[in-house]
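Visitor: Here are the chains, one letter per residue:
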Amino acid sequence: MASHGVPRVSGAPDKSHQAREKERKQIEQYKDLERNVVEKIKAKDFSNTTLQLTGALLKQNPEYYTIWNYRRMILDDVFQKELDANKDAAQAEEGDAAAAEKAGLTLAQQEIVLLIKEDLQFLLPLLKQFPKCYWIWNHRLWLLTTATKHVPSHITLELWKGELGLVSKMLSLDSRNFHGWNYRRTTIQYLEDLSGKSMVEPEFEYTTKMIQSNLSNFSAWHNRGQLIPRLLTERQAGADERKKLLDDEFELITRALYTDPYDQSLWFYHQYLMSALDSHNPRGPSILASVSNGDRLEYLDREIDSIRDMLDGAEDCKYIYQALLDYSTRYLEVDAGNKKITTTEMKDWLDELRKIDPLREGRWNDLAGKLKL
Amino acid sequence: MSLAAGPGRGGGASAAQLPDELQLVVDKHVAYIQSLDTRRDELEYHLTEHLRISGIYWGLTALHLLGQPEALPREGLLDFVFSCLHENGGFGAAPGHDPHMLYTCSSVQILAMTDGFSDLEKRLPNGKMKIAKYIASLQQPNGTFAGDVWGETDSRFLFCGFLALSLLGMLPNQRPNEPPIIDLTAATDHIKACQNFDGAFGVAPGAESHSGQVYTCIGALTLAGELDSYLGEEGKDRLGAWLSERQLPSGGLNGRPEKLVDVCYSWWVMTSMAMIDRVHWIDQKKLTSFILQCQDPDHGGLADRPGDMVDVFHTCFGIAGLSLLRYPGLVEVDPAYCMPKPLVDNFLGRK
Numbered sequence: 001m002a003s004h005g006v007p008r009v010s011g012a013p014d015k016s017h018q019a020r021e022k023e024r025k026q027i028e029q030y031k032d033l034e035r036n037v038v039e040k041i042k043a044k045d046f047s048n049t050t051l052q053l054t055g056a057l058l059k060q061n062p063e064y065y066t067i068w069n070y071r072r073m074i075l076d077d078v079f080q081k082e083l084d085a086n087k088d089a090a091q092a093e094e095g096d097a098a099a100a101e102k103a104g105l106t107l108a109q110q111e112i113v114l115l116i117k118e119d120l121q122f123l124l125p126l127l128k129q130f131p132k133c134y135w136i137w138n139h140r141l142w143l144l145t146t147a148t149k150h151v152p153s154h155i156t157l158e159l160w161k162g163e164l165g166l167v168s169k170m171l172s173l174d175s176r177n178f179h180g181w182n183y184r185r186t187t188i189q190y191l192e193d194l195s196g197k198s199m200v201e202p203e204f205e206y207t208t209k210m211i212q213s214n215l216s217n218f219s220a221w222h223n224r225g226q227l228i229p230r231l232l233t234e235r236q237a238g239a240d241e242r243k244k245l246l247d248d249e250f251e252l253i254t255r256a257l258y259t260d261p262y263d264q265s266l267w268f269y270h271q272y273l274m275s276a277l278d279s280h281n282p283r284g285p286s287i288l289a290s291v292s293n294g295d296r297l298e299y300l301d302r303e304i305d306s307i308r309d310m311l312d313g314a315e316d317c318k319y320i321y322q323a324l325l326d327y328s329t330r331y332l333e334v335d336a337g338n339k340k341i342t343t344t345e346m347k348d349w350l351d352e353l354r355k356i357d358p359l360r361e362g363r364w365n366d367l368a369g370k371l372k373l
Numbered sequence: 001m002s003l004a005a006g007p008g009r010g011g012g013a014s015a016a017q018l019p020d021e022l023q024l025v026v027d028k029h030v031a032y033i034q035s036l037d038t039r040r041d042e043l044e045y046h047l048t049e050h051l052r053i054s055g056i057y058w059g060l061t062a063l064h065l066l067g068q069p070e071a072l073p074r075e076g077l078l079d080f081v082f083s084c085l086h087e088n089g090g091f092g093a094a095p096g097h098d099p100h101m102l103y104t105c106s107s108v109q110i111l112a113m114t115d116g117f118s119d120l121e122k123r124l125p126n127g128k129m130k131i132a133k134y135i136a137s138l139q140q141p142n143g144t145f146a147g148d149v150w151g152e153t154d155s156r157f158l159f160c161g162f163l164a165l166s167l168l169g170m171l172p173n174q175r176p177n178e179p180p181i182i183d184l185t186a187a188t189d190h191i192k193a194c195q196n197f198d199g200a201f202g203v204a205p206g207a208e209s210h211s212g213q214v215y216t217c218i219g220a221l222t223l224a225g226e227l228d229s230y231l232g233e234e235g236k237d238r239l240g241a242w243l244s245e246r247q248l249p250s251g252g253l254n255g256r257p258e259k260l261v262d263v264c265y266s267w268w269v270m271t272s273m274a275m276i277d278r279v280h281w282i283d284q285k286k287l288t289s290f291i292l293q294c295q296d297p298d299h300g301g302l303a304d305r306p307g308d309m310v311d312v313f314h315t316c317f318g319i320a321g322l323s324l325l326r327y328p329g330l331v332e333v334d335p336a337y338c339m340p341k342p343l344v345d346n347f348l349g350r351k
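Residue numbers (the UniProt record's numbering), protein chains in the order written: chain A, 1 to 373; chain B, 1 to 351.
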């Protein structure tokens, strides 16, 4: 869409005659190919040749959405013809018929599966080269959902399993690619629907693995947070088991924060866990069986102490002061008469914050007003 | 009439060589945008045809904000827009390209900026309703919107649908006495389901918070008139905190935690902050300076980061960002519409 991260060449000389001539030829070839595809589609020539031509064009320009639409029109047409032909086994090659029967498919379905697999293969190098191109992911999803429409679920299930492998590979190349994470969530949903089996446990494990290889991966922390409420429901976890999981998560994130208190991703996950205890946050997750003010104080007490300890050696870390102020405010809301939190200390934290984080001065001014500090 | 959306010519000083007192090179940006249509001898011009109409919207918006709304000829713009219109009321990115929500939205924005709706009626009787019906036809049973008949959904498409319908005067809250053409409640319910614990929004329910999606969701709630009642002061504080953490020491803004800064987020992040009255939660002076460093001071245009290739997309959102920052001499931008505010006010009959 737009150029990202492409360096500007300083004082680049004008293109040579040769370079301009080369570019002119490239343009001519590209426009010829485009014209050829458009004419064939207009003439309703949905042949394999046209399909190949769309492929050649999309390799040059995967952002050309109309051509992806043409590709789907061609495939839809082929699929329909296969289904309409209603080929019986007698007319078909004996080998094909036997193979289809063995796979539990009609001949038409076998052809469709073959074409879909071919198109998934065609997409692979494109996806690796353009991992942030919406249209490629979109076409992939269309192929899979179309397969779901036309072929039995045991075959579709295998296709989706392949997708899980692919998306894992894509996320190992770029662990923050949000197309990849969205596609993964969609894949899991289809796999669960088709197999009737939950995948929440292995997916939870997957986030553990991703976090272990790179703590600063908020996309993995996010997905972990999304899975926790469902995981607990499916484990039919009682109050103790729920508390144990929350405590384990706090231990995990605290260890991570000690490793790098300057990493925002980690603080957002800490906030996520704390939001499970926050009655004011309508989007906080449900983790504990029930949350009393006693629970709130217990966790706030423990976390405030633990975060206060983190200051040692990281006195210039703004996130620590932010967390202390945030959680202290909540502590005061639950127990205004406590001796743990003093206004003087909160004022000191806010002063530190103003000093080390002048970018957000306006926010700290508003906070001072709100907390009457 | 068409514009390249591709990168500009290289050249210009590197960030390190720029003087302390940076200025917006208005005339050069105008000339850069005007030059985009003359570059048919560049392959990039042809490779970006699939977003041509959005390129025109980006260029035209930048020109309006720079105070030069006439810098592109109106007749040429209208001819091009109408050449992208399909029978079903949708617009493609260029003549012959399939209709899509993104390009329908850009087209309606261009028509609004060129006062072109009467021309539309002349060329296509009942044109406004036809466009509105196309948009409405893309709403899904769960309230969200598809980009086109092929069914991809994304909160971007929902917002584009709202924005275009609003400019057409066809949102249900704009015509309370007519039967609604979309299910507004289902749509806003879907947006609310995209919100996360951090107060920000993702592309679908369950997806990670992302500044671009914050803009589309906050923008849609603004157009539906539900922003204040839904978020409240506490919700605004939570979202504002997340958004303000997008600013990095360079002054630039990123789109998610631990990602690189990029000029386009000057718009997505800051305009969301404007809609919840929290722009003062970031350092506006430093952001202004960051955006100005992304200019090509010799040939005009803005890039994603200092020293990179410029393009019309970043040129638009950089200048829109500067307008929100009240950079002297720029026309005020409307945060939800990303169009000149006086024009939107006039258009919608707002005071």
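Quick caveat, the hints were computed from the structure, so don't treat them as lab data.
Backbone N, C-alpha and C define an ideal beta-carbon position, used for all residues, glycine too.
Treat the hints with care, since some could be wrong.
Stated by the list, open to error - Derived DSS-like pairs: lysine-lysine, alpha-carbon spacing no greater than 30 Å straight-line:
no., chain 1, residue 1, chain 2, residue 2
1, B, K285, A, K347
2, A, K372, B, K128
3, A, K44, B, K130
4, B, K128, A, K355
5, B, K259, A, K128
6, A, K370, B, K130
7, A, K42, A, K15
8, A, K132, B, K259
9, A, K15, A, K25
10, A, K169, B, K259
11, A, K197, A, K59
12, B, K128, A, K42
13, B, K351, A, K318
14, A, K340, B, K236
To be verified - Derived DEER-like restraints, expressed as beta-carbon distance ranges:
no., chain 1, residue 1, chain 2, residue 2, range
15, A, R20, B, S229, 55 to 63 Å
16, A, P282, B, P249, 32 to 40 Å
17, A, R20, B, Q140, 43 to 51 Å
18, A, E251, B, N142, 36 to 44 Å
Visitor: Confirm or reject each hint.
Guide: A quick look at each hint next to the structure:
For the given pair, K285/B sits about 27 Å from K347/A by alpha-carbon distance, which is consistent with the 30 Å threshold. Among the hinted pairs, K372/A with K128/B is inconsistent with the structure: their alpha-carbon atoms are about 53 Å apart, more than 30 Å. For the given pair, K44/A sits about 27 Å from K130/B by alpha-carbon distance, which is consistent with the 30 Å threshold. Taking the CA atoms of K128/B and K355/A, the gap is near 55 Å; set against the 30 Å cutoff, the hint is violated.
Proposed proximity of K259/B and K128/A is supported: the alpha carbons are some 20 Å apart, at most 30 Å. Under the criterion of a C-alpha separation no larger than 30 Å, the hint pairing K370/A with K130/B is inconsistent with the structure, at around 50 Å. Among the hinted pairs, K42/A with K15/A is inconsistent with the structure: their alpha-carbon atoms are about 38 Å apart, more than 30 Å. Between the alpha carbons of K132/A and K259/B the distance comes to roughly 15 Å, so the proposed pair stays at or under 30 Å and holds.
The hinted pair formed by K15/A and K25/A meets the criterion: a straight-line CA distance of about 15 Å does not exceed 30 Å. The suggested pairing of K169/A with K259/B holds, with an alpha-carbon distance near 21 Å, which does not exceed 30 Å. With a C-alpha separation of about 38 Å, the suggested pair K197/A and K59/A falls outside the 30 Å cut-off, and the hint is violated. The hinted pair formed by K128/B and K42/A meets the criterion: a straight-line CA distance of about 28 Å does not exceed 30 Å.
As the CA atoms of K351/B and K318/A are separated by approximately 42 Å, the hinted pair breaks the 30 Å bound. A C-alpha spacing of about 29 Å is found between K340/A and K236/B, which places the hinted pair at or below 30 Å, so the restraint holds. The hinted window of 55 to 63 Å between R20/A and S229/B holds, with their beta carbons roughly 59 Å apart. Distance hint check for P282/A and P249/B: the Cβ-Cβ separation is about 33 Å, which falls inside the suggested range of 32 to 40 Å.
At roughly 48 Å, the beta-carbon separation of R20/A and Q140/B lies within the given 43 to 51 Å, and the hint holds. Between E251/A and N142/B the beta carbons are some 38 Å apart, a value that agrees with the proposed interval 36 to 44 Å.
Violation of the numbered hints given earlier is confined to hints 2, 4, 6, 7, 11 and 13; the remaining hints are satisfied by the structure.
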